[in-house]
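Given the sequences, and given the hints that come with them, work out the whole structure.
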Amino acid sequence: MIVGVKMHADEVDIDESLVRRLVAGQFPEWVGLPIELVASSGTDNAMFRLGTDLAVRMPRMTGAAKDVAAEQKWVPLLAPHLPVAVPTPVACGEPAEGYPYQWTVCRWLPGTNPAVDDLASPEQLARDLGAFIVALRCVDPVDAPPAGRGVPLATRDKSTRAAIAASDGLIDTAAVTAVWQDAMRIPAWSGRPAWTHADLSPGNLLVRDGRLAAVIDWGIAGVGDPTVDLIVAWNLLPVSARLAFREVLAADDDTWHRGRGWALSISLIQLPYYQHTNPALAANSRHVIAEILADAG
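Residue numbering for the sequence shown follows the working numbering, starting at 10 and increasing by one per position.
Check the hints yourself; a few may be wrong.
[To be verified] Pairs of lysine to aspartate or glutamate residues, derived as EDC-like cross-links and limited to a Cα-Cα distance of at most 16 Å, are as follows:
id	residue 1	residue 2
1	K75	D53
2	K82	D152
3	K167	D191
4	K75	E20
5	K75	D19
6	K15	D53
7	K82	D19
[Stated by the list, open to error] Okay, the calculated beta carbon distance ranges per label pair:
id	residue 1	residue 2	range
8	D152	Q190	34 to 42 Å
9	D177	E25	35 to 43 Å
10	P109	G178	46 to 54 Å
Simulated from the structure, these hints should not be mistaken for laboratory data. Note that the structure is a prediction, hence the values are computed from the model and not measured. We put the beta carbon where it would ideally sit given N, CA and C, even for glycine.
Structure below.
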């Protein structure tokens, strides 16, 4: 994101001074720890490092604030079942100092966001991502919340076509329309409800020494159609690594192409919305669209 530029019409003001006051007022044991804004392409939350071992996660708007309680409940329950680290909450802050939402303090996880076209070991990372998704899908879904994107892909038809129209001049709208129309012909997913992270983008992954080390930002995770987790095949992995990823998941043709449809829809909707306020996310959206057009061609 561009520092100081808001991405949403209802976004509240958040800065280091606010975080310092909130921490001092509610968690005096952490008073005096350094607080630093974390550069991120994230759109729903502002992240601040607190000392060396903690992170503060601040919802930017009401839509993100409603996810705090779910993350506080479900991330600790999921953690023991997963092969990589997740940001386990250690405290929940309350509205104060003019800030209207609950907020989270969680463990700081080491690692860096993977960079498209600069992966140390793409096939190994692909297998790590596949293993993570398989493990997540094996977690008992009983009583879990619905995933934010765990719905039939066809429910996004109207919003995706509107995004294509809004992207006229930015991309080849005729080409993406043809790919999207093909995606709408794919049968709906008919498997059992399963856990899905639902937002596996480079900004929500941490790697160390070329391996997947952590998956962060569980705000829209839940149970539903888990196909959406295949988006990482196009928003991060190169062509050479996609087969390894697909093999771990044992994805059939319909599932694979439905996942590609999800990646296309998400990127099409993001591009016109964030083109001026979040250049990193807009650039990744362009990358995904180009990869999918090449793939479909």
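key: Ascending list of hint numbers which this structure does not respect   = 7, 10
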